[in-house]
Amino acid sequence: DIQLTQSPSSLSASVGDRVTITCQASQSLNGHLHWYQQRPGEAPRLLIYEASGLQRGVPSRFSGSGSATKFTLTISSLQPEDFATYYCQQSYNSKTFGQGSRVEV
Amino acid sequence: QVNVVESGGGLVRPGGSLRLSCAASGFTFINYNMNWVRQSPEKGLEWLSHISPSGSNMYYADSVKGRFTISRDNARNFVYLDMSRLRADDTAIYYCARGLDAFDVWGRGTLVSVSS
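Listed in order, the protein sequences are those of chains A and B.
In this text, residue positions in the first sequence follow our numbering: the first is 3, and each later residue adds one.
In this text, residue positions in the second sequence follow our numbering: the first is 73, and each later residue adds one.
In short, the hints are calculated from the structure, not lab data.
Any given hint could be a false lead.
[Said to hold, decoys possible] Derived SDA-like pairs: lysine to any residue, alpha-carbon spacing no greater than 25 Å straight-line:
#1 B:137 with B:93
#2 B:115 with A:19
#3 B:115 with A:29
[Stated by the list, open to error] FRET-style restraints, in silico, Cβ to Cβ:
#4 A:20 with B:139: 20 to 30 Å
#5 B:88 with A:20: 27 to 37 Å
#6 A:95 with B:86: 41 to 51 Å
No residue lacks a Cβ here, since even glycine has one placed at the ideal position from N, Cα and C.
With the hints as constraints, model all of the structure from the sequences given.
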């Protein structure tokens, strides 16, 4: 199975901050890496597909980059509604999720 | 409005069975792959199963293979997950999600608790 390791597991940030979350895969994913946001009590929401594609309706402050085994989610200017947990997910071989990265005040 | 709504969760004893349903609306259901994903504090998010648009191809995570069965009714726009031989570690919120690689539509989930 492909393992995904996210870092950091949690971080403290303030409104307006630039936030970067990393997802490291145990093998190359050929770009098949996606990012989700989950607020408490809600289902995950797709933000980024195939490493860098911005899902329709997602604000442009969210961006994704990376290739092979290392991928990054960046929030350029953190907004109050962005305090949530973020997950990466691979679809190269079956499907697995990272353990999550919590962004808190 | 594009939407999926899960139902059928509840409390079940170890070794028991349960059927989850997912009602889809607002999109051409027969064109889309569908999945079940669960979430628990212990295991986080875990993909369980996938079914192709026609229903002819199904895939399962090793953790549920042989115990869970996915199916769909394209006439009624439903996806199902039949779960048997349930164990305590199957306790989770179960989500229905649309997509082949990335999951772009999720329901609010239904809670399954396995306990004696």
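Inset, instruction - Mind listing which of the numbered hints don't hold for this structure, in increasing order? - result: 2, 4, 5, 6
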